[in-house]
Every structure is written in C-alpha cells, then in structure tokens.
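Protein chains: 2
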Amino acid sequence: MASRRPRKRPPAAAASPHPPLGEFGRIARFFAPLAKGAAGAANLEDDCAVLKPPPGQLLVLKTDTIVDTIHLVGDEPPDLIARKALRVNLSDLASKGARPLGYLVALSLTTGTQDHWVELFAKGLAEDQKEFGVTLLGGDTTHTPGPTTISITILGATSARSIPRRGDAEPGDEIWLTGTIGDGALGLLAARDGLADLSPAQRAFLADRYHLPQPRLQAGQALAAVVNAAMDVSDGLVGDLAHIAKHSRLDAWIDWDELPLSPAGRLALQAYPGLAGEVLTGGDDYELLVTAPPSAARRIQKIAHDTDTPITRIGRMGARRARAPKVRVVDGEGADRTPRGPGGYRHA
Amino acid sequence: MASRRPRKRPPAAAASPHPPLGEFGRIARFFAPLAKGAAGAANLEDDCAVLKPPPGQLLVLKTDTIVDTIHLVGDEPPDLIARKALRVNLSDLASKGARPLGYLVALSLTTGTQDHWVELFAKGLAEDQKEFGVTLLGGDTTHTPGPTTISITILGATSARSIPRRGDAEPGDEIWLTGTIGDGALGLLAARDGLADLSPAQRAFLADRYHLPQPRLQAGQALAAVVNAAMDVSDGLVGDLAHIAKHSRLDAWIDWDELPLSPAGRLALQAYPGLAGEVLTGGDDYELLVTAPPSAARRIQKIAHDTDTPITRIGRMGARRARAPKVRVVDGEGADRTPRGPGGYRHA
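Sequences listed follow chains A and B, in order.
Position 126, counted from 1, in the first sequence is what this note's numbering calls 460; the numbers after and before it change by one each time, with no gaps.
Position 170, counted from 1, in the second sequence is what this note's numbering calls 504; the numbers after and before it change by one each time, with no gaps.
Be a bit skeptical, because a hint or two may be false.
Treat identical chains as interchangeable: a pair holds within one or across any two.
Said to hold, decoys possible - The list that follows gives simulated cross-link-like pairs (lysine-lysine, DSS-like), each with its CA atoms no further than 30 Å apart:
1) Lys386 x Lys464
2) Lys386 x Lys457
3) Lys464 x Lys370
4) Lys636 x Lys464
5) Lys386 x Lys370
6) Lys370 x Lys660
7) Lys370 x Lys457
Don't read these hints as lab results, they were simulated from the structure.
No experiment lies behind these values; they were computed from the predicted model shown.
Let's have the full structure, built from the sequences with the hints guiding it.
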C-alpha cells in the first residue's frame, strides 16, 4: 500500500489524546490487518499486490467511487461508509455470478480527518471482509481539500465460460428481480428525516436498506448459469432496465402490480402515493435484475429457495427494436405507470 | 463502465457551442474507444470488466490516486494529467518486473468540468495506451464538489515465480538506480516558475520530467530476474531507500558523488547548492531503485545496454539492524550529506 507524500501538507489535526499516526502509521495499524489473509498483499508493505489467479477462471473487475456529500447523506458513521463502498462493488460481482477474491482501496481523506475515523472505517471493512470472504490486497491513501472520496476496485473470479451481460436479453425473456425494490430510495428519504407518517421502526428499516445494501452473491452465482442478461439495480429499476433494453435492442415491460415491495415500502406508498416514481427510478437498491427464457422459471424458483433469496418475476422483454427500445410500466388495469421526465430513465 | 447518478446534480455547465454530453455520452464518446482492444471490456457497456488472466502467471496490482491541487501544480493540461496518472501506476509495475495488461479508472470530476476537458483527458490516455501497450478495461465516473480526483488501478502480469519486494535486500547488496535523480523535484520548482537562473530550455526539460515520468518497463522486466529488492522512486530517493532499509532490516549507504544527475539537474545544483536536499528527498522521479549482489553487476550493466536505460550504482546495503536501520548519504571526502528533519526520510 503506497502513500505518496502530498505536495501540500494538510494542517495539523485537532488536539487528540494520542499523537496522530500519520499515513504510514495508519496503514500499518488499521489496514495491514485487513490484508493478513492475502499472500500477495505483503502486509501492504510493498508497492504492488500480487495475486495468483485461480487457474482456468475468468477474472471479473469493477471499480466504484463514493464521494462524501454526493453519494452520502452526511450522517453515516465511517464503518457504514466503508461497508457500503465495499458492498456496491460486491453487488456488481454478484450480478456477474463471480465470487469475490480481493479488493484495492484508494482513499482520499478530507483534510483534518482524525485517526479514529480511519480506525472505524477499517473496522467496517473488517466486518464485511468476514461476512463476504474477501480480503484487502492493496491501496493508496492521500489527502484532499475536498470531500472524502473512496474508490474501491474489486476482483472476482468465475469458472463460467462467459458471464451474463446487459446486452444478452432475448425476445420473450422474463424479467426477474431479487429482494424488494424502492427501499433504497425511500430509505434515503427516511435517512433525511422524511416519511414522518411511518413509524420509527419502519423508517429505520428503510434507512438501513439505503445505508447497507445486501449484495446477492449466492443467488448471483447460481443465477449466472441460468439467465441471459444480468445487472444490479444501482441507478433505479427503470433506468437500469433501460440499459438492458438498449444494449439488447429489445423493448421491456414491467408489471407494476408484481413489483416486490417490503412491508415498510408498501406502507410508505400507501401514505405517500406520489412516491411511486421514487420506487421505480430511485437508486441504491443493489438487487439483481435478470432476464431469462420462460423455460428457466422453475430453475430460478429453485435458486430462490436454495439461496433463501426472494426472486420475483416482474415483467418481460418485448420485440426487437433496432433503435430506441422502450421500457414501459403497466399496472393490472392496463394503465401506463411509466415515469416521465428527468426523474425517469434518461441518463444524461 | 458505470456512472452512478449522483444524489445532487451539479449545476449546468457554462455555455458551450455543443449541448453537454452527460456522463453516459462521455463514456461512449471518449472512453469506449480506449477499451476497443480489450475483449472483456465489453465496450464499457457492462457493469464489470472481464479478464482472462495469462495462464500460469502472477497478477501484479496497483492503485494510485492523483488529486488536483495536491498532486498537481494546477497548470497541467488534461492530457498530461491523464498520462501522469497512468504512468505513476506503470512505474510501479515496472519496479516489479510486470508487463501491463490493463487498467480501470475512477474519475471524480470537479463540478462544472466541460466535455472538452474529458475529451483531452481521454486523448492523453489514448497516447499512452499506444506507447505502453495497455488498454482501458473499465471505470467509474462521478462528480465532486472538491478537486478532480483520479484513481487508476492497473493490472500487470509476470511469468516469474516471485517478484522483487522492498524487503528483499541482502547485506552487501549494491544499490542501483535507473535514469537520473532529482529532476522530478527540480521540475516541480521549474513548473512553479522557480530556478530563474536556468535557461528556458533547461527549465522546460525539468518541468517535463516532473509532468511526464518515464516508466522503466523494459529495464524493470529484465532487472526483476537479477535483483533482490526493487521499488520505484516516487516519494524521494532517501525516503524510498529507507523503505527498503526498514523492511530488509539493513542499513543503507548512498554515495553522493555517484548520484546520476541530468545536465539540467547538475546546472540547477551549481546555481542553487541549497537544493541538494530536494534532489535527495523530493519525489516524482519514478526511476527504479534496486539492490543486487555485487556478482550481478555485469548483468545489470548488460541490461542497461540492452534496454538503452542508464543504470548507475549509487551505494550499498550495510549490516543487519533488527531495529531502526539507517540511510546515510556520504560524499567522496567522507562528509555526511544525509538530509535531516521533516524534509528527510521520515514518513509521518
């Protein structure tokens, strides 16, 4: 793990009962223990990490960034920030059916960040390393006059010959979704003290879903062998399905009445019917969105059972469209519930 | 390549003759062409990159971050920033004897960044992809209210069974250095309009050395089979040698009179003798620092010849020290020229 000396030194940290550790001290104290299990991490004392890739397997790679004030509400404790930063990457691996191997973290800490913050951040990583069987391989720490910025690059592996892509959906595929949808967006509102008509427990449930996504690794690994297209829902259901539609050149239909809502999500929609758009277009759910031929339905239901993961059929892919395929949301009475405008699925 | 929608939208960009592309447009227009050669990059249209690792080889991994205003002077054009961000990572691979395979870029753009900036940034990456035979595999773009922050994670491969580490130096090893030393630190001064006693051409030479490091990939691959310890000089010669000394538990001696200086560097030291400390402790040289037994000297000289890379013997490793090994700089008359104080080799 490297720590290039910044050109301008940050101002001295505020008074603390212990002398500040400095960057090398922080790496040795807080991050090196996270790399203990990785032979090639060299205790983070070398410039590079070394990885012996599993023979004959494909490596799956992803990098994702969390910027404080952009991707965070602002009240998140550092361990939760770390876990979310790791989990959004794990979720991408899950969508490709890969099992995680290790990760590198590039941490730009806002000026004046205390050692204790870094300690808690590393504690969060340690918890999720244990939960998901992944190890820190290396990283880089530096300072920034801007908000704390965390880029995690994760490596996974799969023994499959190919992985399900966004563009692999086929006409007539059924669309399936793990877990429940909308909790991420509703949880963001709850975390910002919204949804006052809900109980504190319901608000806490939703906020937790926003703060701490559950990467669907087991289900993802099983689904990869069965589905045609797959991705995780990070930008919102309709927007992400629009990626599948666009790259597969197929229209897509979502059945509003089939959408899996959590009990708290259902109550939120009863209290605030105007939030239906948030459920359809809000991000941060980190559930898996896959398409598969109707003949795969029974196998998908078995995967749901075996991995203890709710997986719901929510729609189907339509006809080929050479240009501008559309995503439509329709309810049981045939009414069009597709969200419109910039909150819809335009990614610009 | 993903582009998660930020929670807060940046203000609209300033008036431009073209409508702004947006993040997905930028990825498609500027970054997708950089991934053309990578089978697993899927034109950056999928969530993850896929890499088929070279059978039987070790993967070498590194992540490094550049923060504008911290690691940049501020006058760098975007293509130069991109090339430096890539090269500091290539330099780490070089030190481990790895050949580059591909990289991922996490780009947090300061609010209001224009499409043209991104276009030039991608142009710089394209130039260096061609020069160093490396391909974009994937990435992530987002916005930040802080300075533009670029984290590049690079993957390399080596068929060697092990790679030279910082902690692998042996007592009596000779210390060798590629290229010249101090140009990076002097170049930073030149880029900041210092070194007025030098000619414009000399200042431009040094500034170029600061802005555009030359990763020693060919020499590094050949040296890896011969040397015991290796790293690249990014934090300053004495500080980086102190890492080798610390992790190898050996004292180290540098012979001041043997240090390879560029003609402009030599003139700068004649005009400003007080800058000797900068040469010894300033960063950004990105030359290779290796240690090898005296019996390897002839092979190292042959590598220098074959790869057309100056490689100079600059000192030797001393005796084992269980605790606090020291780096000393001594000149031909035996005078101690070791830099002291916080500008020395304390990394805190």
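Against the structure, the hints come out as follows:
1. Lys386 x Lys464: both (21 Å within a copy, 27 Å between copies)
2. Lys386 x Lys457: The answer is within: 27 Å in one copy meets 30 Å, while 33 Å across copies does not.
3. Lys464 x Lys370: within (12 Å within a copy, 37 Å between copies)
4. Lys636 x Lys464: within (27 Å within a copy, 49 Å between copies)
5. Lys386 x Lys370: The answer is both: 16 Å in one copy and 26 Å across copies each meet 30 Å.
6. Lys370 x Lys660: Classified as between; 27 Å across copies, 49 Å inside a copy.
7. Lys370 x Lys457: Within one copy only: 14 Å inside, 39 Å across.
Violated hints: none; the structure is consistent with every hint.
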